[in-house]
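Fit chain to chain and form the complex, with the hints in mind.
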Amino acid sequence: MKDNNIERLVPVFSAAFALIYIISVERNWALFTYHPKIHQWGWLVEPAKNGPPMYWYGWLVTSLLGASAVSVIAWPLLKSRPTQYWLGWTVPLLVMISVFYLFRDFFLR
Amino acid sequence: MATFLVILHGLLAVALLGSITHQAIAVIWPAQRKTGFVNAYRSVSSRAYVNANMVLFLAVAVLGSIIYPIYRVFIRTYLENARLHPAVGSFEVKEQLIAIGLGLLPLYWLVWRRPDPASKSARVAVTLMLCFIVWFSFLVGHILNNIRGMFGL
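Chains as they are written, first to last, in my numbering: chain A, 1 to 109; chain B, 1 to 153.
The following block holds chain B by itself, in its conformation from the complex (with noise of 0.2 angstroms):
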């Protein structure tokens, strides 16, 4: 069971990271014409993203919580043991860095309710800041999973 969970997390988090990418860069790199690959990519509704990226945040979230136990009792101690303090320290940033994301979902979803010249620079942040924690906590988690292997351990 948990190894599907795991599994479903790291899905889960791969459709968020090309989700907010996506709207990351259609909202800082915006673009008229969609004639080739680049120019496509960056002039997409922005908007349109919002649901999704929510509503993925929210299940990633949660099933990195469900998880999160068998992290804490078993993976961590294993790190620990074997001295890779700055792999635990990683966890420990994403960890908070996702529970301030949590925090600016409500913010995220009013400045893209209603998207006007007042909360421009807000909803630039707010996208590039959640940008940042999926990326980040995308990064960590797939190191972590992976970290035996990666580091020959």
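Bound conformation, chain A alone (with noise of 0.2 angstroms):
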């Protein structure tokens, strides 16, 4: 792949990226677990089983994969367009600001 076309598809990923990621924290869609308190790590989302279970891991491997992903599939709309610089931050900076409404709750109590 020549530079030209990895560098159309680096703003998809990087968009992609931060959306997939925080649909995953909201929908817990974390590829693996870890049970940092008996060192043990598991398929998909497991629930806790000696102390608290660690997803944080987990959504970055299905955000990348998932990034990945679309990429690949976006590559054919994007073959023929100018690299699509505003993309790969407008999303991310969405999704920023989506974090802190998301987790307002812990400031508000």
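Hints are computed from structural coordinates only; laboratory data are not their basis.
Hints may contain errors.
Stated by the list, open to error - Taking beta-carbon pairs under 10 angstroms as the criterion, some of the chain A residues facing chain B (in silico): (1) Pro11; (2) Ile20; (3) Gly51; (4) Trp59; (5) Ser63; (6) Leu64; (7) Pro82; (8) Thr83; (9) Gly88; (10) Trp89; (11) Phe100; (12) Leu102; (13) Phe107; (14) Arg109.
Predicted model only: the values in this text are computed from it and were never measured.
All C-beta atoms, glycine included, are put in the ideal place defined by N, C-alpha and C.
If you want it as structure tokens, here you go:
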């Protein structure tokens, strides 16, 4: 793949990563779960065993794989268009703002 | 070992904070002359910071992810029992912002690799967003690390 081709995919990847990540957090689409107290890993979302489960690593991998897939799928639409730089930062910016909204309950208790 | 990793995480975060703030200032408030401290601070070559910022961001994030389980099991439980919900929430926000920052790194690399007019707004926006993420995460981490002393708990 030429440099120009990669350039066109990168903004889509960043936008898709942020979007899929925040959906993963909200819907808990973790590809795997870590149980830190017993040092145990498990596939997909597992309930607490002994101590709290951690889904953050799973959300990251879900987002990485999802954003890679979206970038590949979007490739036919992008190859004849200029690089959509704006997409790569506007979507993550909106997601960043939504994070503060989604977690507002912690600050309003 | 955990204490060593926390200190290393903090030291690398300080380096990243300085580096990305320097770049962000040079991007939004550039200067041609190098006379005086402020002008010299503003007149640096922004591109020179890109690789260092990327490596530092990744290193800090990886170290943070290694020590994260300790926070989840011991610190967060303590904060919840002490009903320090804003502190817990701040870390939750930090964790999500870091993830979004990781997703932004490829775009950050792209827009700085070959700066051209078409990517100027993206270059400014991504640099400022990463700078905000680093500042927010640093302050939250610093406050949580010292929360018992700071709030007399």
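Results for each hint:
1. Pro11: holds (6 angstroms)
2. Ile20: Given a least distance of 9 angstroms, the restraint on Ile20(A) holds.
3. Gly51: holds (6 angstroms)
4. Trp59: Holds: closest Cβ of chain B sits about 7 angstroms from Trp59(A), inside 10 angstroms.
5. Ser63: holds (7 angstroms)
6. Leu64: holds (8 angstroms)
7. Pro82: holds (7 angstroms)
8. Thr83: holds (7 angstroms)
9. Gly88: holds (4 angstroms)
10. Trp89: It holds, given that the least Cβ distance between Trp89(A) and chain B is near 4 angstroms, below 10 angstroms.
11. Phe100: Check passed: Cβ of Phe100(A) comes within 6 angstroms of chain B, closer than 10 angstroms.
12. Leu102: With Cβ-Cβ at 8 angstroms, under 10 angstroms, it holds.
13. Phe107: With a closest approach of 5 angstroms, the Phe107(A) hint holds.
14. Arg109: holds (5 angstroms)
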